[in-house]
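As you go down the protein sequences, you meet chains A and B in turn.
Count along the first sequence starting at 1, add 976, and that's the number in my numbering.
Count along the second sequence starting at 1, add 127, and that's the number in my numbering.
Honestly, the hints are just simulated from the structure, not real lab data.
Think of the CB as a built atom: it goes at the ideal place given N, C-alpha and C, for glycine as much as any other residue.
Take the hints with a grain of salt, since some may be wrong.
Only some residues are given here: those of chain A computed to face chain B with a beta carbon under 8 Å [what the hints assert, rightly or not]:
hint: 1; residue: 1183
hint: 2; residue: 1188
hint: 3; residue: 1200
hint: 4; residue: 1205
hint: 5; residue: 1367
hint: 6; residue: 1369
hint: 7; residue: 1388
hint: 8; residue: 1510
hint: 9; residue: 1511
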Amino acid sequence: MKALLTFLPLFRQRSGAMLLALSLSLITLVAGVSLLGTSGWFITATALTTAGLGFNLFVPSAMVRGLSFVRILARYGERLVGHNATLRLLSDLRGWLFQRLFPRLPLPDRSLRHGDLVSRLTADVDALDTAFLVAIGPLVAAVIVGGAITAVLVVLLPAAALPYGLALALAGLGVPAAMVAAGRRAGRASVAARADLRMGVLDGMKGHADLLLLGFLGTTAERFEYLGEETSRLNLRLGAITSAGSLLVQVLAAIALVGTLWAGLVALEGGRIEGPLMAGLVLAVLGSFEVTGLIVRSTSKATQAMAAAERLVALAEMPTPVLEPASPVVIDRSDQTISLDHVTFAYPGLPSVLDDITLSVAAGERVAIIGPSGSGKTTLLHLLLRFSDPQAGTIRLGSTPIPAIRTADLHANMALLSQDSPVFIDTIRNNLLIGRADADEDALWQALAKAQLDGHIRTLPKGLDTIIGEAGRTFSAGQARRLCLARALLSGAPVLLLDEPTNALDRETEEAFFEVLATAAKDRTVIMVTHASIPDGTVDRVLTLEHGKLA
Amino acid sequence: MTTPKDKSGAKALNMIARRGGGPLILAMSAPILGGLLLIWQAWTLSDVLGRAIEGGEAASALMPAVAIVLGLLLVRALLGAVGEQAGLVGAERIKRHVRQALFTQMLARPPRATDLAPSGVAAAAIVDQVDAVEGYFARYLPAALQAALLPLIFGAVILPLDWVAGLLFLVTAPLIPLFMALVGWGAQIATDRQARALSHLTGRFADRLRGLLTLKLFGREQAETAGIVDASEALRLRTIKVLRIAFLSSAVLEFFAALGVAGIALYVGLTFIDYLQLRSGPLTLQLGMFLLLMAPEVYNPLRLFASHYHDRAAARSAIAEITQQLGVSPNMPVTLADIAPRSGSPIDVTLSDVTLRTPDHMAGVALDISVHVSPGQNVALLGPSGSGKSTLLEAIVRLRDHTGSILLDGRPLDQWSEAEMRGRTFLLTQKPRIIHASIAENIALARPGATRQEIERAAEHADVSGFAGGLSEGLDTLVGEDGVGLSGGQAQRVALARLFLRDASLILLDEPTAHLDQTLEREVVTRLLDYARGRTLIVATHSEALAARMDKAYRLVGGTLLSTPLLNQKRNIA
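Just chain B, same shape as in the assembly (with noise of 0.2 Å):
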C-alpha cells in the first residue's frame, strides 16, 4: 500500500544516499559493534551477580570481571559517540549536495516558466525541508540496521542457552515490524498531507510578513493574527491525527518490550521454583540473570527503529514534496558559470511576424509584430502598462516563447549561445533585484572582479553616488532584501549601474526612469545616451520626455507596432 509519491521519495532518498559515503557506513557499522559488545557486558555482569549472590564469592574475587563490564561500558559509549557524529557528517554532506542540487537545477531553469514555485517556497523547501532528510541518513538508518540485526543476533545468541526464551525472542521480534508497518501506513499518508500543509503555512507567512505595514494600515491586525493562529490550529490538528497513529506504533512496541521483560521473569522464577520444566538441563542464575538482561535489550533496537520511523516517513515526504514543488531533482547539482561581458559591434535586431503571450498562454500581448532596428540606434517603446512592452524585451533576450522570427545580428536566437547572447546583451528589468549585500557589490554582479574605480564610475553614471553620499557608509551600505532602506528610484540607480559595468553591444531597458523626477532623469539619461553611442538601445518607457531623445519610437498598442512620430525634440541637445 505504498503511494506513488512515497515511492518517488524513497527512490529518490536511495539516490542521493550515496552521497553519505564513510562517514555514514561508520555511523551504521558502530551500533552493531556495540551490540555485539553488550552481549559480552550483560553476560559478564550476570556472571558477577550470579558468582556474589549463589556462590557467595568475595568481592575482591570478582574484580577483573568488574573492571571488564566498566571497560565494556566506557568503549560502548565511545562507539555510541563516534557513531552519532558520523551520522551527522554523513547527513550534512548530503544536505549540502541536495540543496546544491535543488539551488543549481532552480536557476538553470528558464526564469520567466510559470510553474515556477514562489520564492517563499522555494526557501521553505531548500532550507527548511532538507533538513527533515537529517533524521533518515543520521538516525533512521543505522536504526534500521541494528533493529534488523541485532535481535536476530541476540536470538541466535541466546537459543542454544535457553530455548524458550530464545524462541520467545526469536518469534516476538519479526513481529514487531510487521505490527508496526500495519500501523505506519495510515501514518505515511498523514505526514503527507501534513508536509504540504506545513509549507503552505510557510508560504503564507512569507507572503504575509512581506505586505505587514500594508495589512496593518488596514487595520487587518486582530484579522491576520486570527488567520495565523487557525492556520495554526489547523495544522496542529493534522499533526495530532498523524500522532495519534504514530504513537500507536510506538504503544505496540512498548508492549512487546514490557512483555518480554516480564515473560522471561516469570519464565525464569517459574522455572527456579519447578512450577515450569521446559529445560533439559538446570538453570543457574547466572544464566536467568543474563536472560533477564537480555530482554530488554532484544527490544531496545527495535524501540530506536520505532521512535526514528517517523523520519523515514517524514524525508520521503519532505523529498517527494520538494521534488513536486520545484520541480528540480534532488541528485544532480547543475555547474554553472560567469559569463563575461563581451565588447562587439552594435547589434542588428529584426522581429518578423512575432507573436507573444502571457506567460499562462491565455491572452496574446503581442501579434504579428514587424520591426527593424539597425545597429546602433535608439529606440523608443511606447505603450499602455499591460500592452507587453516588458514581454517584448524578454523575448529578444530569450526569456520568452514567441512564435515567429527574432534575428539578431541575422541569426535567430537559437542560434546565438548562451555565452554571446549574455556576454553581449544587457536588460534592466523593470523591478530588478537589489541582493543582500552593499550597494557596490549589488553592483558589482555586472562584472564579478571589477575595480573600485569602476564600480565607483557605474555608480557615478547611475547617479547612484548621489545619494550614497549621504549613507553612513557610502556605496558599502548594506541593502537588504528588496532594497530595503533605498527608494525605488535610488534601488532603480543601483540596477541601472550594473550597465555601465557590462559593455553591452544591444542594451534593453525596462522603465529605467520610472522613479526618478524630471530633473533628475534628464541627467540620468543624458549619460546614458552619452554610454549607448555605438550601441543599439532599446527602451521600454512612459516618459515622452525620455523618447523624445530617441532616434525613433514605437508604440504599442493593442498588439501591435507602430511607428510614432517624435516631438520636436532633436537629441544630442544635452
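In isolation and in its complexed conformation, chain A is listed as follows (with noise of 0.2 Å):
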C-alpha cells in the first residue's frame, strides 16, 4: 500500500478525469438501485391503490423512464472516460519509469534479468495504471453506495439497517483486506514464477542453436514445462482466493437481503411501514448487489497493482550509483588531459581490481591497455565514464575532478565502444542516428566509411534503410561491431573509449582498422583496451595492466 502511494502524484495528475469517472460510475449505480426501487415501491402502490385510474402516474412514470436513460448515459461516459484517464497514466507510468531507470544505470544487481525487466516494464505497469479504473474506483464507490443505502435504511427501516449495513461493511471492507493479506505472497510468487517463465522462452530462442548442439532440446522443454506447471499452479492459487471471496461476499449479499425482508416483513406486521415502501427497499438492496458483484475482481486487481507498485518502485528507488554534482562545472573543451591519480578500486566484497594507478592521457594522445583478461581493464574505462567512482584517488577532466561535471556532460564528451555494444532492432539509419541525432547523410556515409563498412550497406538493396534483425542478424558479429564503431566515431566525442574493439574481426580487418583509427580519431583522445597486438603508429603508448598495477 505505501508502495502504491508513491504514485499518488502521477494519479493526481489525471485527477479531474478520474473523479469524473467515480461520479458517473456512482450515478449509473445510483440510478439503477433507484429504478428497481422505485419500480417495486410503484408496482405495490398500484396493486393496493383502490384510486383506479386516478392513481397519479406521471411522477412515479417520469421517473422509471428518465433513471433508465441516465443510467445507459452515465454508464457510457464513465467507461470511455475512466479507460482514457487509465491509458493516459499508462503512458506517464511508462515514461516515469524510463525516467528512473536512466539515471541508476548500470544497474548493479545482476539477478536483476532482461526478461524481468520486461515483465517489469510493460505487466506491472499495466498493473498499475488500471489500479483506479477496477480496483480503487468500483470499491469506493461499493463503500458509497452501501453506506447511503444504509443510511436511508435508518431513516426508513432502522431494524434492517444494522444487517444491512455490517454485512456491506464486511463485504466492501472485510472480504478485500482479508483477500489482500492472503492474496499478498501468492500474487508476488506469481509474477516471479511469469519472469522466470519468460526467462525460459529468452534462453530457448536466443540459445536456441546452443541447445540443439548439445542434444539438449528434451531438458530444455521439459523445464520449460515445468516453469508452466509452476505459473499455472501459482495463477490458481490466487484464482482460489478470488474465487472463495466472491463466495464470501455472496454470502454476505445474502444475509443483507434476507436481513432486510426479514426486518421489513416484522416491521410491516408492526405496521410501521407501508408495503409499497418496504417492497421498493427490498428491490433497492436487490439492486446493490450490482455493486457487491464488482468487489471481488477489484480487490485482486488492487493486490495485483500493490505488488506492482513494490516492485516498481524498488527499481526505481535503487540508489544511483554516483552523485550528481550540486553545481555542476562546464567541461573546458580546449582541456581534454585526463588524468587518474593514485586511484584504487573494487567491487563490493571483493578484492582491489585497481590499485593505486596514476596515469595521465594528454588531449589528443593515443593510449592501448593490454592486459590479461578479468585485470581490470574495463573498469578502468568505466571509472572514466563514472559508472562508479574509485574507493581512493581522483580522476580528473582537464583540472576538473569529473564529479564535478554532470555525467550527462561527461558521457557526450567521451564515445565508448564495449565489448556488447547492441545493434537495435531498426534500420541502419536509425542505429546510426542513436550516435548524434542530427547528423546528415554525409556525415552517415563518412562514418560508415572510416568503420569500413560502407561497401557491404551500399551492396544491399535498402542500403541506410535496411532494417538490422536481433543481435544483427543479417550482419556478421565483426560488422555489427563495425556499425557500433561508426556509431562511436559520428557522435563527435573528443574523446573515444574503445573497448576491445577488434573483437571477432579478422587480422587483415583488425590492421586496416587500426590504420583508420590513427586517421579517424586525429583530433581525438583515444584510450582503447585490448588484447590484439597493435600495429605501429596507431597508438602512442601503450600500457599493461595486470594484477591492479599499471605499466
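Since each chain comes alone in its own frame, lean on the hints to assemble the complex.
Here's what the structure looks like:
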C-alpha cells in the first residue's frame, strides 16, 4: 500500500478525469438502485390502490424512464472517461519508469534479468495503471453506495440498517482486506514465476542453436513445462483466493437481503412501514448487489497493483551509482587531459581490481592498455565514464575532478565502444543516428566509411534503410561491431574509449581498422583496451595492466 | 464480415478448447443450474412479498419461505464460486498446453531459419499473449452459454404466466446479440490492430532495454523516454478507438436492460390500475413482483456476455497473431528428446562444390568450395570477418542450407540421423548463449547428469575455474541473461567448457579465443589440442597464433577457399 502511495503524484495529475469517472460510476449505480426501488414501490402501490385510473402516474413513470436513460448515458461516459484516463496514466507511468531507470544505469544487481525487466515494464505498469479504474474506483463506489443505502434504511427501516450495513461493510472492507492479506504472497510468487517463464522462452530462443547442438532440447522442453506448471499452479492459487472471496461476498449479500426482508416483514406486521415502501426497499437492496459483484474483481486487481507498485518502486528507488554534482562545472573543451591520481577500486566484497593507479593521457594522445582477461581494463574505462566512483584517488578531465561534471556532459565528451555494444532492431540509419541525432546523410556515410562498412551497405538493396534484426542477425558479428564503431565515431565526442574494438575481426580487418583509427581519431583522445597486437603507429603509448598495477 | 484471420483464430480456439476437459464443462454448466435456481428464488421472494403485503400474512408464517430464499441464495453463491474456479482450472490447462506447443514447435524448427521471430517477440507471444485466451475459456464461453440459454428459459417460464411480459422478453432478448454483432464487427478489426501494436511495443521495450546503457551514454535519455511515451500514447489512441465501439455495444445492452425493467414496471402498474387490459385474468401482486424481479435477470446473462465479449475478440486476435508471428500452431506440442554424446572414431569431412548463401539468400558467402579434412586432422579456417566462416561451420553440422555435397564419413548430411549428428559432433557458436542458471549448470548442458567432478574438470580445461574461483559462490554462481556478470571472454570459456563433456568425434569451434589475451589463449589451446587428439577439429579463427598450431590452414576469401601455408611454428610444442 505504501508503495502504491508513491504513485500518488502521477494519479493526481489525472485526478480530474478520475473523479469524473468515479462520479459517473456512482450515478450509474444509484440510478440502477433507484430504478429497481422505484419500480418495486410503484407496482406495489398500484396493486394496493383503490383510486384506479385516478392514481398519479406521472411522477413514477417519468422517474422510471428518466432513471433508465441516466443510467445508459452515465455508464457509457464512465467507461470511456475512465479508460482514457487509465491509458494516459499508462503513458505517464512508462515515461516515469524510463526517467527513473536511466540515471540508475548500469544496474548493479546481476540477478536483475533482462526478461524480468521487460516484465516489469509492461505487466507491472499495466497492473498499476488500471489500479484506479478497476480496483480503487469500484471499491470506493461500493462503500459509498452501501453507506447511502444504510443511511436510507436507518430512516425508513431501522431494524434492517444493522444487518445490511454490517454485511455490506464486511463485504466492501473486510473481504478485500482479507483477500489482500491472503493474496500478497501468492501474487508475488505468481509474478516471479512468470518472470522465470519468460526467461525460459528467452533462453530457449536465444540459445536455440546452442541447445540444439548440445542435444539439450529435451531437457529444455521439460524445464519449460515445469515452469509452465509452476506459473499455472500459482495462478490458480490466486484464483482460489478470488473465488473464495466472491463466495464470501455473495453470502454476505444474501444475509443483507434476507435481513432486510425479514426486518421489513416484521415492520410491516407491526404497521411501522407501508407495503409499497417495504417492497421498494427490498428491491433497492437487491439492486445494490450490482456493486458488491465488483468488489472481488477489484480487490484482486488491487492486490496485483500493490505488488507491481512495490517492484517498480524498488527499481526506481535504487540508489544511483554516483551522485550528480550540486553545482556542475562546464567541461573546458580546450583542456582534454585525462588524469588518474592514485586511483584504487574494488567491487563490493571482492579484492581490489585497480590498485593505486596513476596515469595521465594528454589531449589527442592515443593510448592502448593491454593485459590479461579480467585484469580490470574494462573497469578502468567504466571509471572514466563514472559508472562508479573509485574508493580512493581522483580522476580528472582537464583540471576538473569528474565528480564535478554532470554525467551527461561527461558522456557527451567520451564515446564508448564496448564489448557488447548492441545493434538495435531498427534501420541502419536509426542505429547510427543514436550516436548523433542531427547527423546528415554525408556524415553517416563518412562514419560508415571510417568503419569500413560503407561498401557492404551500398550493396544492400535498401541501403541505410535496411532493417537489421536481433543482435544484427543479417550482419556478421564483425560487421555489427563496426556499425557500433561508426556510431561512436559519429557522435563527435573528443574522447574515444574503445573496449576490445577489434574483437571478432580478423587480422587483416583488424590491422586495417587500427590504420583507420589512427586517421579517423585525429584530434581525438583515444584510450583503447585490447589484447590484440597493435601495429606500430596506431597508438602513441602501450601500457600493461596486471595485478591491479599499470606498467 | 469475418476476416480470414478471425476465422483462423476461431478455428484454433475450437481446437484447443478440448484440452479444457471436465473443468471447462463444469464451468459452463454451473451457471445454468444457478439460473434455474434463480427462477425458484425470484418466485419464492415475490411470493413472500405478495403474501405479506397483499395478503397481510404474519412474518412468522412466512419464515419457511424466507428460509428457502436464503438457502437458494447460498447454494447459488456456491455454484458461482465453483464455476469460476473450474473455469480457471480449465483455462490454465489450455494455456499450459498452448505454451508447451508453441515453445516446443519453435525449438523443433531450424534455428537459423530467417523467418524466426525475434526472441523478445516470442517471449511476449508465449508468455503474455497466451494469457489472452484465459478470458475466453474461463469467462466468455460460460457467459456465451448463459446468454444463449437463460433468456430463452426465463422467457419460456414467463410466457404462460403473462404473455405480454413473456413476449417482450422473448422478442427483445434475441435482438440484443444482433445489435451487438453489428457493433462487434468494427471492434474486432480494431482489436486486431491493437494486438499488433501491443506486441510491437513490447518488442521495442525488450530491444531498447537491452541497449539501455548505450542509449544513456549517447545522451538519449530524453529522446528514448519521449519515444516510449509517444509509442504508449499512440497505443492509447488506438485502444480508445476500439473501446468507443466496444462500449457502444454494452450501451445497447444497458438500453434494453433498463427498458425491460421500466417497461415491466409500467406494464404491471398500468394493469393494476386497469389502464391496460391485455391479460385475460387478473394480476396478483406476487406475479407482478415476480415479473419485475425477473426483468433484469433476463438481460443479465446478456450483459455478462457483453462484458466478456471482447475476451473472444482478444483471444481470437491473440491466437491468430501468435500463429502469424511465430509461424507455428498452438495445438500440437512436439516431443523433444536429449541427445547424449556418443564416442566414436574421428570423422572424415569432405566438401565438394559447396555453395552457401546468407540467410536471406541475398549474397553467396561461399562458392563451389571443395575441401577434404581427413579423420583426426586439426584444421584452421581463416578469413576476413563476414566472409562466411561461421556459415560454413554451421552448414557442416546441418544448421544451414547448402548446395553441392557435404559428406561426413562418406555419407551425405541427410543420411545422418539427428541423434547421430548431434551425438557425435560439437559446434561452439560465435556468441554462445549463457542461460540464466549457475555456471556449473551452464556447463552441464552438454551432458545432463554429468557428475560434479566431470563438470569441474571441464571447467578446469576451459580455464573457467580461474575466474570462477574468485566469485563468491564459485561454479555455483548464478549467471544471467547473456551472461550478465561475465565478461565476453569469461562467457566464451564457460561455453567452451561444454566441449569437454561432449566426447565429440568432430569438433567445430567458431572463434574460441576471440576474447582471450595471448597467455590465456596459449593455455586454453594447449588443453584443447590435447583433448582433440583422435578427433577431427576445425577452428574458425582470426588468431594466427592459434592457426599456427594446427595441421593445416585454409583461408576463405571472396567466397573461395585457399590452402594457406602455416607459420614455422609446429604443433606439439606445448
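Hint check:
no.	hint	result
1	1183	holds (3 Å)
2	1188	holds (6 Å)
3	1200	holds (5 Å)
4	1205	holds (7 Å)
5	1367	violated (18 Å)
6	1369	violated (23 Å)
7	1388	holds (5 Å)
8	1510	violated (12 Å)
9	1511	violated (13 Å)
The structure is inconsistent with the numbered hints 5, 6, 8, 9, although it conforms to all the rest.
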